[in-house]
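Protein chains in written order, with the numbering used here: chain W, 1 to 345; chain G, 1 to 345; chain E, 1 to 345.
What the hints contain is simulated information worked out from the structure, not anything from laboratory work. Honestly, I wouldn't trust all of these hints.
Stated by the list, open to error - If you anchor each label on the Cβ, the simulated ranges turn out as follows: (1) E:G100 to W:D150: 47 to 57 Å; (2) G:G181 to E:E135: 22 to 32 Å; (3) E:V164 to W:G118: 52 to 62 Å.
Said to hold, decoys possible - Listing some non-contacts, in silico: residues in chain E with all C-beta distances to chain G over 10 Å: (4) F12; (5) T58; (6) V83; (7) G118; (8) S120; (9) V122; (10) K147; (11) V164; (12) E290; (13) N313; (14) N318.
Claimed, not checked - Chain G stretches covered by chain E per the calculated footprint, using a threshold of three residues with CB under 8 Å from any CB of chain E: (15) 24 to 33; (16) 39 to 46; (17) 61 to 75; (18) 83 to 97; (19) 259 to 271.
C-beta atoms are modelled at their ideal positions from N, C-alpha and C, and glycine is treated no differently.
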Amino acid sequence: MKTHGDNFFEDFQLGRKIAHASPRTLTEGDAALYGALTGSRFILQASAPFARRLGYHTRPLDDFLVFNTVFGQSVADISLNAVANLGYAEGRFVKPVHAGETLSAISEIIGLRETSRGDSGVVYVRTDGLNERGEQVLTYIRWVLVKKRDAKSPAPVAHVPELVGTVSADDLALPHHVDFGVFFDTAQSGSPLLWDDYAIGDRIDHNDGVAVEEAEHMTATRLYRNTARVHFDPQAGGFGKRLVYGGHILSLARALSFNGLANAVQILAINNGRHVAPVFAGDMLFAWSEVLDKKPLRKDCGALRLRLITAKNRACGNFPDKDVHGKYPDNIVLDFDYWALMPRG
Amino acid sequence: MKTHGDNFFEDFQLGRKIAHASPRTLTEGDAALYGALTGSRFILQASAPFARRLGYHTRPLDDFLVFNTVFGQSVADISLNAVANLGYAEGRFVKPVHAGETLSAISEIIGLRETSRGDSGVVYVRTDGLNERGEQVLTYIRWVLVKKRDAKSPAPVAHVPELVGTVSADDLALPHHVDFGVFFDTAQSGSPLLWDDYAIGDRIDHNDGVAVEEAEHMTATRLYRNTARVHFDPQAGGFGKRLVYGGHILSLARALSFNGLANAVQILAINNGRHVAPVFAGDMLFAWSEVLDKKPLRKDCGALRLRLITAKNRACGNFPDKDVHGKYPDNIVLDFDYWALMPRG
Amino acid sequence: MKTHGDNFFEDFQLGRKIAHASPRTLTEGDAALYGALTGSRFILQASAPFARRLGYHTRPLDDFLVFNTVFGQSVADISLNAVANLGYAEGRFVKPVHAGETLSAISEIIGLRETSRGDSGVVYVRTDGLNERGEQVLTYIRWVLVKKRDAKSPAPVAHVPELVGTVSADDLALPHHVDFGVFFDTAQSGSPLLWDDYAIGDRIDHNDGVAVEEAEHMTATRLYRNTARVHFDPQAGGFGKRLVYGGHILSLARALSFNGLANAVQILAINNGRHVAPVFAGDMLFAWSEVLDKKPLRKDCGALRLRLITAKNRACGNFPDKDVHGKYPDNIVLDFDYWALMPRG
Chain W
1 MKTHGDNFFE
11 DFQLGRKIAH
21 ASPRTLTEGD
31 AALYGALTGS
41 RFILQASAPF
51 ARRLGYHTRP
61 LDDFLVFNTV
71 FGQSVADISL
81 NAVANLGYAE
91 GRFVKPVHAG
101 ETLSAISEII
111 GLRETSRGDS
121 GVVYVRTDGL
131 NERGEQVLTY
141 IRWVLVKKRD
151 AKSPAPVAHV
161 PELVGTVSAD
171 DLALPHHVDF
181 GVFFDTAQSG
191 SPLLWDDYAI
201 GDRIDHNDGV
211 AVEEAEHMTA
221 TRLYRNTARV
231 HFDPQAGGFG
241 KRLVYGGHIL
251 SLARALSFNG
261 LANAVQILAI
271 NNGRHVAPVF
281 AGDMLFAWSE
291 VLDKKPLRKD
301 CGALRLRLIT
311 AKNRACGNFP
321 DKDVHGKYPD
331 NIVLDFDYWA
341 LMPRG
Chain G
1 MKTHGDNFFE
11 DFQLGRKIAH
21 ASPRTLTEGD
31 AALYGALTGS
41 RFILQASAPF
51 ARRLGYHTRP
61 LDDFLVFNTV
71 FGQSVADISL
81 NAVANLGYAE
91 GRFVKPVHAG
101 ETLSAISEII
111 GLRETSRGDS
121 GVVYVRTDGL
131 NERGEQVLTY
141 IRWVLVKKRD
151 AKSPAPVAHV
161 PELVGTVSAD
171 DLALPHHVDF
181 GVFFDTAQSG
191 SPLLWDDYAI
201 GDRIDHNDGV
211 AVEEAEHMTA
221 TRLYRNTARV
231 HFDPQAGGFG
241 KRLVYGGHIL
251 SLARALSFNG
261 LANAVQILAI
271 NNGRHVAPVF
281 AGDMLFAWSE
291 VLDKKPLRKD
301 CGALRLRLIT
311 AKNRACGNFP
321 DKDVHGKYPD
331 NIVLDFDYWA
341 LMPRG
Chain E
1 MKTHGDNFFE
11 DFQLGRKIAH
21 ASPRTLTEGD
31 AALYGALTGS
41 RFILQASAPF
51 ARRLGYHTRP
61 LDDFLVFNTV
71 FGQSVADISL
81 NAVANLGYAE
91 GRFVKPVHAG
101 ETLSAISEII
111 GLRETSRGDS
121 GVVYVRTDGL
131 NERGEQVLTY
141 IRWVLVKKRD
151 AKSPAPVAHV
161 PELVGTVSAD
171 DLALPHHVDF
181 GVFFDTAQSG
191 SPLLWDDYAI
201 GDRIDHNDGV
211 AVEEAEHMTA
221 TRLYRNTARV
231 HFDPQAGGFG
241 KRLVYGGHIL
251 SLARALSFNG
261 LANAVQILAI
271 NNGRHVAPVF
281 AGDMLFAWSE
291 VLDKKPLRKD
301 CGALRLRLIT
311 AKNRACGNFP
321 DKDVHGKYPD
331 NIVLDFDYWA
341 LMPRG
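In isolation and in its complexed conformation, chain W is listed as follows:
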């Protein structure tokens, strides 16, 4: 049997570490494609001279291009047989990544729990992205529902890792040698609003909408080298149609958030996130954000803790949200809690 075997729930052992294939050099070509698939307009990733004037080596790659590239490398080992990607936590973007750098990914199984039905289980995994010097650029936890090969195989001892709901502001990695105070042209960046202009409780309708068609989400998914069959084969999932890869929805929602959060130039951490409902080709996505918290980080910048709520086929002017029982309206597809870096005035 020379084919890379699919891993089923039984194949994961607590503490197992996996170095994933294939490390991959990201280029200006990948960045261009990411831009054209998402429409992202954040100035730091858009303009090399702007980034350099702030002190960056050059413009960094979009954070979710990095995230999805690392995630994509882990799929063949972790989630080829995933039924659903359940959630994210404790993510930190540790170092900016630039075109020309090569990313590899390693994962550790940090939790296992069979479902009550006994035909599948939840796998908790921490994945690290590394650059070619072996430096960590990204780390995050995700948990995923994976089928069992045989429903009758015995359940492993359940181990659910204790997850911190929010990354501490003290753990956020700030870009060194960068000074947002010297030069930050808000006419170029697209909004006069800086960190001091946002208040906890602010709700922001991102107004714009974006559609996703079959060729677009499949091209994005292959850009990330994510080979999970549910994204390509209409018969592979339970929907009779292809499921849009959740990480690409993150990318699209982030791009939409430019309108209202144009100066949120970098993602610093993923506190937690959930894909609430599936997205399919033809859906229009809209998004709104809520400011959950804010922390000054340095004189020149601060962190905003933001919730990015994404809906399909309905505008977000009235801020659709879960009800008091925690139940989401049908058309909410993503609830994502993260820390963003924003310059101060």
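Keeping the supplied structure of chain W fixed, place chains G and E upon it in accordance with the hints.
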């Protein structure tokens, strides 16, 4: 209200200047994507050694990639609420742009005229594209029909700028340090026909056809960072389906014109242009050209004034055109008058 | 008549040589797009540091990106009016190609044979791809069924070239200055299986599947600058829908073969190949391989002769194949026999 507000007709004042977000570094990645979305085969943009042998720094980016990138930056401020992009005039490509350069865009409102129905108005705007050294690389006028926020708001004093119908050949910007006479291999360029071989009145059927599907035109529109909702949301325009962005039709028509005008290596000026009818996903585009004028520019090159007529879902072997009353056949979608640079024999 | 005339069967003469337009500089942008359209994960093309550690200048471009780029340049002259691309033979990948290099293509007509119906003929052509220094990087023969302009025009003297069914292992071009023995990290490359682990007769189900939609195959076809109308115009072929370009199916099948042949890092030769049935948008592709032969080449690497069989809309776990009469099951679309380079343990 933290969201970037849509501008309606009432929001434009004559003489107002707008610096657009986000300046953007164009790369070999953007060029590759442009090539794959349009199929453009012009030698000067295709082959770096060819361009360098002529005296170019390296191959320049496609002129309509530059045009659409500058145009795209202006959309969020000018035409997010556009009903239709009515026309272009007085466009000049001033300097070649190469991969690695960063383009920004500024616009000035140069005319306003409320429509007779009173629910919208025409905005005339001159937009300049600048490189990172602040040098003008492109300038053009367009006019666009924009909705009023409130049909009852008073009409501004009408001011319609006087538009020159044709850019004077004396105003065309030629590439310095370039000599087409030393080396111009017509086997490589795809046609033996040079400037001297074309005569005023020549009509050229470009023969090839190209289709455009949803994912393609939306990817192109995002490549240009054009966020106008009519191109993404089937409900946003009056058609019940997505409108293909006009600038991408320009790009596709230009690429089709290779077959018959392979040596028209650069666009020098836009005399005037009109999108005559909308294009939707699934349409096949065909094009033909008419030589309107020709001017020798230097010993090694001349300018051809060309009309590029583009049709959907019908071939152009019989040169479909407007009738004596100026009425176009239903399937004509673009009538575009421009100056192109062509080497001499 | 200024348009590039379509060549019909009558227009080809035995021995005629054609230098094709337009030579084209391939970039990291083209490589990124190729990756996103195919999902290819072979380590040598994915990771620049990995390639450099082996002794390569940097990571080479995917072999079928090179093949399809050269093929695409030949289409306007050879196969714009092709009814079908019948087969390949005697292909050799002579030199690796890297981003930044410029490829041109020349062809020679090496055979002609009118079909028995008399309305078309088979054209045999050898095409060479050259880099900007004029060095051959690729050579292959293909034969293609081309319509006659006039069914009544006289048949040329039939000349069918004698084709070698298999490229001799002695003629395979190995990468100089490369040593697979010093460093070849099979955790990174995606499989522990090296040349010595494969035996003649091995059959490998590649397990994964990939879909192809309209926008994807048309974007790929334009990436290759292949302008044959059957790939764009649903009315141009005999199918009432667009035919997916065969070279892109090669690319997709090669990418699928990663799962099971991850260490087959380079294609060395094309022995022979046939597109057995057409592929259309919406089809899911699956593939399996058979090891036909194996030859040690050096201490550090060997060649595997592989048959890559590709099916649409059916998985390949039971290795669907032609029957004893040479007849293929309906859903087989490609039967491709090639030599691949694989490191030794």
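Status of the hints after comparison with the structure:
Hint check: E:G100 to W:D150, Cβ distance near 52 Å, so the stated range 47 to 57 Å holds. Between G:G181 and E:E135 the beta carbons are some 29 Å apart, a value that agrees with the proposed interval 22 to 32 Å. Taking 52 to 62 Å as the suggested C-beta distance range, the pair E:V164 and W:G118 conforms, at roughly 59 Å. Annotated as non-interface, E:F12 keeps its C-beta farther than 10 Å from every C-beta of chain G; the closest such distance is 18 Å.
A cut-off of 10 Å between C-beta atoms confirms that E:T58 is not in contact with chain G; the least separation is 15 Å. Its beta-carbon lying about 18 Å from the closest one in chain G, E:V83 satisfies the requirement of being farther than 10 Å from that chain. Against chain G, the non-interface label of E:G118 holds: every CB pair exceeds 10 Å, the least being about 26 Å. The Cβ of E:S120 lies farther than 10 Å from every Cβ of chain G, with a closest approach of about 20 Å, so its non-interface assignment holds.
For E:V122, the requirement that its beta carbon stay farther than 10 Å from each beta carbon of chain G is met, with the minimum near 24 Å. At roughly 15 Å, the least C-beta separation between E:K147 and chain G is larger than 10 Å, which holds for a residue marked as non-interface. Every Cβ of chain G is farther than 10 Å from the Cβ of E:V164; the closest lies at roughly 30 Å, confirming the non-interface assignment. Even its closest Cβ contact with chain G, about 33 Å, leaves E:E290 beyond 10 Å, as expected for a residue assigned away from the interface.
Every Cβ of chain G is farther than 10 Å from the Cβ of E:N313; the closest lies at roughly 21 Å, confirming the non-interface assignment. Once the 10 Å rule is applied to beta carbons, E:N318 is consistent with being away from chain G; the minimum gap is 34 Å. Three residues within the 8 Å Cβ limit are the bar, and the segment 24 to 33 of chain G against chain E gives 7, so the coverage statement holds. Here's how the segment 39 to 46 of chain G fares: 5 of its residues keep a CB closer than 8 Å to some CB of chain E, so the rule of at least three is met and the hint holds.
Here the segment 61 to 75 of chain G counts 0 residues with a CB under 8 Å from a CB of chain E, which misses the bar of 3, and the coverage is violated. A stretch counts as covered by a chain when three or more of its residues have a beta carbon under 8 Å from one of that chain; for the segment 83 to 97 of chain G and chain E the count is 0, and the coverage is violated. Beta-carbon proximity to chain E at under 8 Å applies to 4 residues in the segment 259 to 271 of chain G; the threshold of 3 is reached and the given coverage holds.
Consistency note: the structure conflicts with the earlier hints numbered 17 and 18.
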